[in-house]
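**Student:** Residue numbering for the sequence shown follows this note's numbering, starting at 1 and increasing by one per position.
What the hints contain is simulated information worked out from the structure, not anything from laboratory work.
Some clues are possibly wrong.
Unchecked claim - Derived lysine to aspartate or glutamate pairs resembling EDC-like cross-links, with alpha carbons at most 20 Å apart:
no. : residue 1 : residue 2
1   : Lys94     : Glu42
2   : Lys157    : Asp222
3   : Lys265    : Asp198
4   : Lys540    : Glu508
5   : Lys556    : Asp222
6   : Lys540    : Asp300
7   : Lys140    : Asp271
Claimed, not checked - Okay, the calculated beta carbon distance ranges per label pair:
no. : residue 1 : residue 2 : range
8   : Glu232    : Lys92     : 50 to 56 Å
9   : Tyr317    : Ser103    : 49 to 55 Å
10  : Asn391    : Phe549    : 34 to 40 Å
11  : Asp173    : Ser103    : 43 to 49 Å
12  : Tyr567    : Glu240    : 51 to 57 Å
13  : Pro336    : Glu39     : 51 to 57 Å
14  : Asp173    : Ala87     : 24 to 30 Å
15  : Tyr317    : Arg99     : 55 to 61 Å
16  : Gly67     : Leu230    : 38 to 44 Å
Every residue gets a Cβ at the ideal spot worked out from N, C-alpha and C, and that includes glycine.
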Amino acid sequence: MKGKLMKRRILCLFLVFCLFLTGCSGISLGKSEGERFDEYTEAIFKEEIAQNTINLHYTLAYPENYGITDYDISLGEFTMEDFEDSADELEKMKKELERFDRSRLNEEQKLTYDLFMDYVDTELPVADLYLYTELLSPLKGYQSSLPVLLAEYTFRKKQDIEDYLLLLEEIDDVFENIMVFEKAKADAGLFMPDFAIDGTIEQCEQFIEDPENNYMIEVFNDKIDAFSGLSEEEKDAYKERNKTLITTEVVDGYQMLIEELSDLKGSGVNDRGLYYYDDGVRYYEYLIRTGVGTDESVEDLQERTWDYILSCFMNMYESMEENPDVYDGLYDYEYPLTDPDEIMKDLMEKTKVDFPVPPEVDYTIKYVHPSMEEHESPAFYLTPPIDDIENNVIYINRKDLDDEIYTTIAHEGYPGHLYQTVSTSEHGLSLARNLFSYSGYSEGWATYVEMYSYGISGLDEDVADILAWENGVNLGISAYIDMGIHYDGWDLQDVKDFLADFGIEDGETSKEIYELIVEEPSYYLTYFIGYLELLKLRDKAENKLKEDFTLKDFHKFIIEIGPAPFYIIEDRMDDWIREQK
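Turn these sequences into a full structure, and let the hints guide you.
**Tutor:** Pasting the structure below:
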């Protein structure tokens, strides 16, 4: 999970673009094409990142070092006007980008240029579908992410404390804007089904169940006590102010959500997938391209997914046939390590063989508060600011803590999200690239290394292989159901029938899977298809380079290029392969 709060792909461009692209202001006179392009993209970055204080804080620890000193405290607007104006802003951006001579940019600038242009070309065709966006959902909605991100809001200086408290005052206002948007969705026949409303309401109720003992009060008090330079009187005043805001503004905001969502129950006209909306399939294809980062057709992705599932079953069958004893080993296996900190240290050492050594950083492993366990992810990593990558946080959900903690830590920590983030950051990507989020790249990488981690976990080799294949099958099945529901129109019975073919006949399990996928279209594809895309790139590099191929070199290439759509990465990899020969 990324640490950026609802970072919509619609950039809020309030710049006077010609300021950076013409000589009338005098700013660009005598500048090279590359210098002008850097000015242009950095100006977009600074303007956009300052629009949302959460995004600003989680992207830059010290914004003043980047010339950002005057900004409004805001959780984001999320107004209808913001969404409606997106097409015009995208058209402006495209015209400005086309005025640059791409051939005169260096390689990193060309990549940034291509990402901006790809963003515009991906967003423009679906700019009219903004009401398909869902801001609230039990798993990934705004109301779910906000408490964790506020609880982890780092106090580096006194201004951060003031900013945080002002953000709490904004919660009820931003929720009001979100509900205006949700009502527009309802009027357009695009509102969420009742089971999604129930899940969202339940989560809100759990969060505000005991306002006086809300965990955000406890966390805030601990941070204030640890903050140096405050008098006892100042600390007490801050604590009291925070508690008052939590028990009034925050609780009132969540209570308003509960009441407004309750009133909208029954207004959803579709409790099935995107397939059943007029433009649902088109929107789903957009989600796959923008979220997963692939330009393949859904039919091709379905075929690749099915082939992978079958290959895993074949591998498991052959392994058990060659070693019948492995079957018994699957019932009583135990990972040598189960403590998260010990696992991190073990992974940091073992991954040195196939992964470049990352910069030295600190990390903290925390546990999701009980009030958020029911609807929070099994684990997640909070992306640190680009100017403070030394401090990292991984959250683990005790509710979902199981025997697979070793591979979970690999996914979130080393060599997963934490490793990828700090390693890529070391290579100095352009500031503007931090505006883009590519879940297929980040979750695909984390899934890829999670699968790798089975082999270094200390388990019996055959047992580890089968567990990895089993994990791959589970992800593949979920991804296939995702495409079945949203692209082919599967209903709950179709999902039950499909799962029954794999021996899963528990109706409640089928219902839970079905409802989650209806609520979060393409969610599983970011993990699974992202993983398949990395396997495809690795196979291509290995086939082309043959004896010159090494895993460490391939991983180095993927890390250094950084987050991007896979079709853009593959173009760069072709050049990289030629350089390796």
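**Student:** Could you run down the list of hints and mark each one as holding or not?
**Tutor:** Structure-based check of each hint:
1. Lys94 with Glu42: Holds, at about 16 Å.
2. Lys157 with Asp222: holds (15 Å)
3. Lys265 with Asp198: Since the Cα atoms of Lys265 and Asp198 sit roughly 9 Å apart, the hinted pair holds (cutoff 20 Å).
4. Lys540 with Glu508: Distance ~41 Å between Lys540 and Glu508 Cα, so the pair is violated.
5. Lys556 with Asp222: violated (39 Å)
6. Lys540 with Asp300: Holds, because 18 Å separates the two Cα atoms, which is no more than 20 Å.
7. Lys140 with Asp271: Satisfied, since the Cα-Cα distance of roughly 18 Å is no more than 20 Å.
8. Glu232 with Lys92: 50 to 56 Å: Between Glu232 and Lys92, where Cβ atoms are some 53 Å apart, the hint holds.
9. Tyr317 with Ser103: 49 to 55 Å: The hint (49 to 55 Å, Cβ to Cβ) holds, given that Tyr317 and Ser103 are roughly 53 Å apart.
10. Asn391 with Phe549: 34 to 40 Å: holds (36 Å)
11. Asp173 with Ser103: 43 to 49 Å: holds (47 Å)
12. Tyr567 with Glu240: 51 to 57 Å: holds (54 Å)
13. Pro336 with Glu39: 51 to 57 Å: holds (54 Å)
14. Asp173 with Ala87: 24 to 30 Å: holds (26 Å)
15. Tyr317 with Arg99: 55 to 61 Å: holds (59 Å)
16. Gly67 with Leu230: 38 to 44 Å: Given range 38 to 44 Å: violated, Cβ gap about 28 Å.
Checked against the numbered hints given earlier, the structure breaks hints 4, 5 and 16 and satisfies all the rest.
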